[in-house]
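Keeping their order, the protein sequence lines are chains A and B.
Just so you know, our numbering puts 36 at position 36 of the first sequence, and the rest follows in order with no gaps.
Each number in our numbering comes from the position in the second sequence (counting from 1) with 103 added on.
FYI, nobody ran anything at the bench for these hints, they're computed from the structure.
Please read these numbers as outputs of a predicted model, since none were measured by experiment.
Where chain A lies over chain B, by a calculated footprint (3+ residues, C-beta under 8 Å):
(1) 147-155
(2) 186-193
Derived Cβ-Cβ restraints for the label pairs, each shown as a range:
(3) A/Arg67 to B/Asp233: 48 to 56 Å
(4) B/Gln151 to A/Arg67: 20 to 28 Å
(5) B/Tyr109 to A/Glu95: 43 to 51 Å
(6) B/Val225 to A/Lys18: 34 to 42 Å
(7) B/Trp179 to A/Phe22: 23 to 31 Å
(8) B/Gly196 to A/Arg5: 33 to 41 Å
(9) A/Leu21 to B/Gly150: 14 to 22 Å
(10) A/Gly10 to B/Ala230: 56 to 64 Å
(11) A/Arg67 to B/Ala139: 22 to 30 Å
(12) B/Arg236 to A/Ala97: 54 to 62 Å
(13) A/Thr20 to B/Lys215: 21 to 29 Å
(14) B/Glu240 to A/Arg59: 45 to 53 Å
A short list of chain A residues far from chain B (calculated; beta carbon distances all over 12 Å):
(15) Ile9
(16) Val37
(17) Tyr40
(18) Arg41
(19) His80
Glycine is no exception: its CB is placed at the ideal position from the N, C-alpha and C atoms.
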Amino acid sequence: MTAKRKFNIGDRVSVVDKTTLFHHRTQKFTRGQSGVVTEYRPEWVIPEDEAFDPAGNGRKEPFYIVRFKQDDLWPDYTGHHIDTLETEFSESWLEPATSKGKR
Amino acid sequence: MATMQYDKLLTKVRNLSPEERDVLDSPYTIPNELYAALRSVLHDVGGQPDTPQPYFLKEEEDWEMNAYLTSECLAWRGAWNSEMRRRRENDLGATEYFGLPYYARWITGAAKALVDEKLITVDELSAKIDEIRERLEAKKK
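Use the sequences and the hints to build the structure in full.
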């Protein structure tokens with residue numbers, strides 16, 4: 001059964017900046033940053049659970065690809081202003097965008 | 104600038120810049136910022152300063168594909184999954200994580216998984232490594 005997705009393609013989202021212990025796959029340079037959902041990824045066991053359970057009984061969530069502006073991610077970015085970076089998140093790492101980006 | 108000259112220059116410049124390190128020696132107390140930094144997952148290297156690296160295509164070697172197949176078989180038989188494998192790579196610690204070749208991280212993690220799952224003991228594993236080494240060295244002669 002597939003849960004209803006909280007976000008749609010084109011939505012502006014922010015990455016939650018929460019305390020983490022042990023295994024996770026949310027790059028620290030994305031914490032608190034805002035970007036746009038560009039792609040749905042299949043629902044799967046979240047890495048925080050999957051990393052400790054060979055049986056695959058962890059919590060499942062929909063995943064998303066989010067596109068960020070490189071200018072937002074790196075304060076000293078020297079590339080083109082239109083450059084972007086895309087990476088993947090499980091749904092609980094995202095919330096409706098709070099601002100244009102933390103910097 | 105010719106490639107050789109550039110490479111030489113880069114090596115020189117790279118060695119000029121002093122490496123700054125905070126010496127960590129099991130301190131009695133640490134600030135919260137340091138605790139947060141220490142909790143950063145080892146594989147999360149994005150944003151760390153580095154110099155340009157040469158780009159080249161690398162052929163896969165037999166031992167690398169054997170490491171891959173061993174890891175897949177362990178997953179097939181329910182001993183782990185690829186996220187557990189990544190977690191185990193991180194759990195090797197910084198020295199081994201960054202010191203070992205990519206697939207050596209896989210196979211070292213797999214060896215630890217076998218021990219954790221009680222599928223093999225450490226001394227059985229060592230004995231097997233010695234046996235294979237002897238066999239390979241005999242072949243060379």
